[in-house]
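A.B. asks: Those sequence lines, one after another, are chains C and H.
Residue numbers for the first sequence follow the numbering used here, so the first one is 94 and each next one is one higher.
Residue numbers for the second sequence follow the numbering used here, so the first one is 9 and each next one is one higher.
Derived by calculation from the structure, the hints in this document are not laboratory data.
Backbone N, C-alpha and C define an ideal beta-carbon position, used for all residues, glycine too.
There's no promise every hint is true.
Said to hold, decoys possible - In silico EDC-like links for lysine to aspartate or glutamate, alpha-carbon gap of 16 Å or less: (1) K144/C <-> D140/H; (2) K123/C <-> E77/H; (3) K142/C <-> D140/H; (4) K123/C <-> E153/C.
To be verified - Part of the chain C face toward chain H, derived, beta carbon under 8 Å: (5) W101; (6) W103; (7) L118; (8) L131; (9) P140; (10) A143; (11) I169; (12) P203; (13) F207; (14) G263.
Take a look at the letters that make up each chain.
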Amino acid sequence: MNILLQPWPWYVAGPLIGLMVPLLLLVGNKAFGISSTLRHICAACIPTKAKFFNYDWKAEKWNLIFALGMVIGGLIAGYFLRNPNPIELSESAIESMNKMGVKNYSGFIPSDVFNFSQLLTLRGFILMIVGGFMIGFGTRYAGGCTSGHAIMGLSNLQFPSLVATCCFFGGGVIMTWFILPYIMNL
Amino acid sequence: MKNLKFLLLGTIFGIILIKAEVISWFRIQEMFRFQSFHMYGIIGSAICVGMISLLIIKKYKIKTFSGEEIKVEPKTFSKGNIIGGFMFGLGWAMTGACPGPLYALIGSGLPIIIVVLLSAVLGTYCYGCLKDKLPH
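Produce the entire structure from the sequences given, and follow the hints as far as they go.
C.D. replies: The following block contains the structure:
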């Protein structure tokens with residue numbers, strides 16, 4: 094039980110994530126990927142004439158059910174298998190984040206920035222609403238996310254996925270090093 | 009009923025994401041600042057296992073449990089891989105989450121992330137409406 098409560102090291106968690114690729118293929122001939130669920134949600138919930146959303150989303154229901162499973166998994170791990178200690182970050186990372194004004198390192202997100210009362214501040218709006226929008230717009234424009242491109246696509250030796258993964262990291266590094274420190278101080 | 013297996017796999021995947029801490033905003037910051045090997049170890053070993061599994065499936069022409077031939081659609085290159093990928097990266101570093109972790113975070117008891125998810129759905133919706141006008 095102790096092992097379950099502790100965080101899992103990378104060499105356990107990484108291979109387990111990788112196993113999702115063959116498991117989904119063996120179980121249902123499905124390509125691993127999460128971001129398509131955002132498109133299916135649009136197709137299912139928003140009435141529109143855009144032909145991008147006029148397809149049989151019900152045929153892709155498995156993807157939405159997989160995402161629902163992830164919510165349940167998050168609940169199980171978040172409530173019953175929760176690591177009682179804060180995440181063991183590297184000292185240099187904590188030092189860098191302290192400089193940006195992060196104070197609370199308990200939990201998974203900096204709760205003084207990501208909460209409902211911060212939504213109407215400029216900083217909170219940019220980080221949560223604009224950030225979320227860019228994830229949704231970007232992932233569909235790029236044709237996949239970290240799972241579909243970085244894991245599934247690279248596992249399948251796809252050149253477009255290599256390009257996309259490099260751009261994911263390029264965008265992330267530029268945001269982290271050059272833009273985020275300003276947003277955090279708004 | 010046939011979808012139950014996807015629910016189960018999703019649940020397992022959600023648990024792994026939480027226990028691996030890849031859903032942590034702090035871990036993503038640490039990754040983009042190159043201050044820890046953790047995230048690179050996870051992504052790298054996941055790709056290795058995925059790649060070897062696919063090689064085995066292709067080499068031995070392994071079929072699905074129900075006997076179907078396994079097919080993986082190739083990804084097609086477009087300028088979107090670059091422009092969209094870059095945009096996605098910006099959003100990834102801001103929210104500290106990509107689509108998978110959003111779902112797991114909501115489950116872990118963070119309703120504020122529902123707002124981020126809805127905004128991502130809106131982003132996908134806007135892409136769908138503008139698709140024909142964007143360079144591909």
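A.B. asks: With reference to the structure, classify each hint as holding or not holding.
C.D. replies: Against the structure, the hints:
1. K144/C <-> D140/H: The given pair, whose Cα atoms are some 10 Å apart, holds under the 16 Å limit.
2. K123/C <-> E77/H: holds, 12 Å
3. K142/C <-> D140/H: Roughly 13 Å separates the two Cα atoms, so the pair holds.
4. K123/C <-> E153/C: OK: K123/C and E153/C at ~10 Å, within 16 Å.
5. W101: Since chain H brings a Cβ to about 4 Å from W101/C, closer than 8 Å, the hint holds.
6. W103: Given a least distance of 3 Å, the restraint on W103/C holds.
7. L118: holds, 5 Å
8. L131: With a closest approach of 4 Å, the L131/C hint holds.
9. P140: violated, 11 Å
10. A143: holds, 5 Å
11. I169: This interface hint holds because 6 Å falls under the 8 Å limit.
12. P203: holds, 6 Å
13. F207: holds, 6 Å
14. G263: For G263/C, the interface hint holds, since the closest Cβ of chain H sits about 6 Å away, which is under 8 Å.
In terms of the numbered hints stated before, the structure departs from hint 9 and from no other.
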